[in-house]
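Protein chains: 2
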Amino acid sequence: MKIKRWTDVPAQPAEGIEGVTVRWVIAEGDGAPHFAMRVFDVQPGAATPYHNHWWEHEVYVLDGEGVAVQEGGETPISAGSVILVEGDETHCFRNTGQDVLRFICLIPFKWLEGLAEKHANA
Amino acid sequence: MKIKRWTDVPAQPAEGIEGVTVRWVIAEGDGAPHFAMRVFDVQPGAATPYHNHWWEHEVYVLDGEGVAVQEGGETPISAGSVILVEGDETHCFRNTGQDVLRFICLIPFKWLEGLAEKHANA
Numbered sequence: 789m790k791i792k793r794w795t796d797v798p799a800q801p802a803e804g805i806e807g808v809t810v811r812w813v814i815a816e817g818d819g820a821p822h823f824a825m826r827v828f829d830v831q832p833g834a835a836t837p838y839h840n841h842w843w844e845h846e847v848y849v850l851d852g853e854g855v856a857v858q859e860g861g862e863t864p865i866s867a868g869s870v871i872l873v874e875g876d877e878t879h880c881f882r883n884t885g886q887d888v889l890r891f892i893c894l895i896p897f898k899w900l901e902g903l904a905e906k907h908a909n910a
Numbered sequence: 789m790k791i792k793r794w795t796d797v798p799a800q801p802a803e804g805i806e807g808v809t810v811r812w813v814i815a816e817g818d819g820a821p822h823f824a825m826r827v828f829d830v831q832p833g834a835a836t837p838y839h840n841h842w843w844e845h846e847v848y849v850l851d852g853e854g855v856a857v858q859e860g861g862e863t864p865i866s867a868g869s870v871i872l873v874e875g876d877e878t879h880c881f882r883n884t885g886q887d888v889l890r891f892i893c894l895i896p897f898k899w900l901e902g903l904a905e906k907h908a909n910a
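In order, the protein sequences belong to chains A and B. Here the first sequence is numbered in my numbering, starting from 789 and rising by one per residue. Here the second sequence is numbered in my numbering, starting from 789 and rising by one per residue.
Rather than coming from a laboratory, the hints here were simulated on the basis of the structure. Hints are supplied without guarantee of correctness; some may be wrong.
No copy labels: a pair is met if it fits in one copy or bridges any two.
Keeping only pairs whose Cα atoms sit at most 20 angstroms apart, straight-line, the calculated EDC-like set for lysine to aspartate or glutamate is [said to hold, decoys possible]: (1) LYS792 - GLU816; (2) LYS898 - ASP887; (3) LYS906 - GLU874; (4) LYS906 - ASP818; (5) LYS898 - GLU877; (6) LYS906 - ASP876; (7) LYS906 - GLU806; (8) LYS790 - GLU862; (9) LYS790 - ASP887; (10) LYS898 - GLU803; (11) LYS906 - ASP887; (12) LYS792 - GLU862; (13) LYS790 - GLU816; (14) LYS898 - ASP876; (15) LYS792 - ASP818; (16) LYS790 - ASP818.
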């Protein structure tokens with residue numbers, strides 16, 4: 789068992805985006821076999837990149853107010869919001885509030901790429 | 789993208805344990821391909837089962853105070869604690885506070901059983 793506080797892990801710039809940091813609180817180096825847990829801080833007015841990728845996100849919002857952006861529009865999110873971003877969906881999260889927007893975001897490890905489709909078609 | 793609030797999902801008794809409920813906020817039926825997100829509420833004095841299983845837990849504590857129990861002893865946890873319970877580790881979470889102990893707990897789906905070991909040995 790590995791036990792830490794989320795603040796034990798240093799915040800890093802997230803993909804070079806100003807006003808967004810990430811902490812990899814559970815990563816492959818911790819012995820996690822399938823998926824990673826990260827904690828993002830998005831400062832007021834900032835947003836994560838509007839992009840897509842094969843892997844999904846499972847998100848739980850801890851603090852703050854913002855919007856989840858997808859091709860169809862924007863949806864308000866705040867503490868207690870739960871978001872599933874499916875693989876290949878274009879998305880971002882933007883802070884529309886006065887305080888930090890903080891959320892947990894979990895992603896599968898790269899070795900899982902393509903295995904879920906294979907399993908579904910087996 | 790699926791967006792909800794954690795309270796949108798009904799709380800169910802967790803494994804028949806008195807004082808413990810679970811909400812499957814992201815499950816296979818939501819289209820999640822690899823892992824599920826659940827939110828547990830453990831009432832004061834109650835605990836999750838002391839058991840083990842092949843799958844890991846990735847836990848983030850939202851509210852309250854308790855202990856993570858393993859064979860080597862107990863470790864205090866509270867809001868902001870992050871816990872990785874590795875596969876086959878015997879564990880439970882007990883509420884030692886006066887208010888609800890609430891945490892997020894993510895687990896891989898059953899179809900992943902054994903694949904991480906195969907991948908590591910490939």
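Exercise. State whether the alpha carbon distance between LYS790 and ASP818 is at most 20 angstroms within one copy, between copies, both, or neither.
Key: Within one copy, since 8 angstroms is at most 20 angstroms while 29 angstroms is not.
Self-check item: 20 angstroms Cα threshold - placement of ASP887 relative to LYS790
Solution: Neither way: LYS790 and ASP887 sit 30 angstroms apart in one copy and 24 angstroms across, limit 20 angstroms.
Quiz item: Between LYS906 and GLU806, at a C-alpha cutoff of 20 angstroms, which is it: within one copy, between copies, both, or neither?
Solution: neither (38 angstroms within a copy, 40 angstroms between copies)
Quiz item: What label fits LYS790 with GLU816 when the C-alpha limit is 20 angstroms: within, between, both, or neither?
Solution: within (12 angstroms within a copy, 27 angstroms between copies)
Self-check item: Alpha-carbon proximity context of LYS898 and ASP887, limit 20 angstroms
Solution: So LYS898 and ASP887 fail the 20 angstroms test inside a copy (33 angstroms) and across (39 angstroms) alike.
Quiz prompt | Intra- versus inter-subunit Cα pairing at 20 angstroms for LYS790 with GLU862 | solution = Answer is between; shortest inter-copy Cα gap is 12 angstroms, intra-copy 37 angstroms.
Practice problem: State whether the alpha carbon distance between LYS898 and GLU877 is at most 20 angstroms within one copy, between copies, both, or neither. | Solution: This pair counts as within: shortest intra-copy Cα distance 17 angstroms, inter-copy 25 angstroms.
Practice problem: Indicate which option fits the pair LYS906, ASP818 if close means a Cα-Cα distance not exceeding 20 angstroms: within, between, both or neither. | Solution: between (28 angstroms within a copy, 19 angstroms between copies)
Practice problem: Evaluate LYS792 and GLU816 at a C-alpha cut-off of 20 angstroms and name the case that applies: within, between, both or neither. | Solution: within (15 angstroms within a copy, 29 angstroms between copies)
Practice problem: If the cutoff is 20 angstroms on CA atoms, where do LYS792 and ASP818 land: within, between, both or neither? Let me know, please. | Solution: within (11 angstroms within a copy, 30 angstroms between copies)
Exercise. At 20 angstroms max between alpha carbons, let me know whether LYS906 reaches ASP887 within a copy, between copies, both or neither.
Key: Classified as neither; 43 angstroms inside a copy, 45 angstroms across copies.
Practice problem: Measure nothing new, just compare the shortest in-copy and cross-copy C-alpha distances for LYS906 and ASP876 to 20 angstroms and report within, between, both or neither. | Solution: within (17 angstroms within a copy, 27 angstroms between copies)
Against the hints set out earlier in the document, violations occur for numbers 2, 7, 9, 11.
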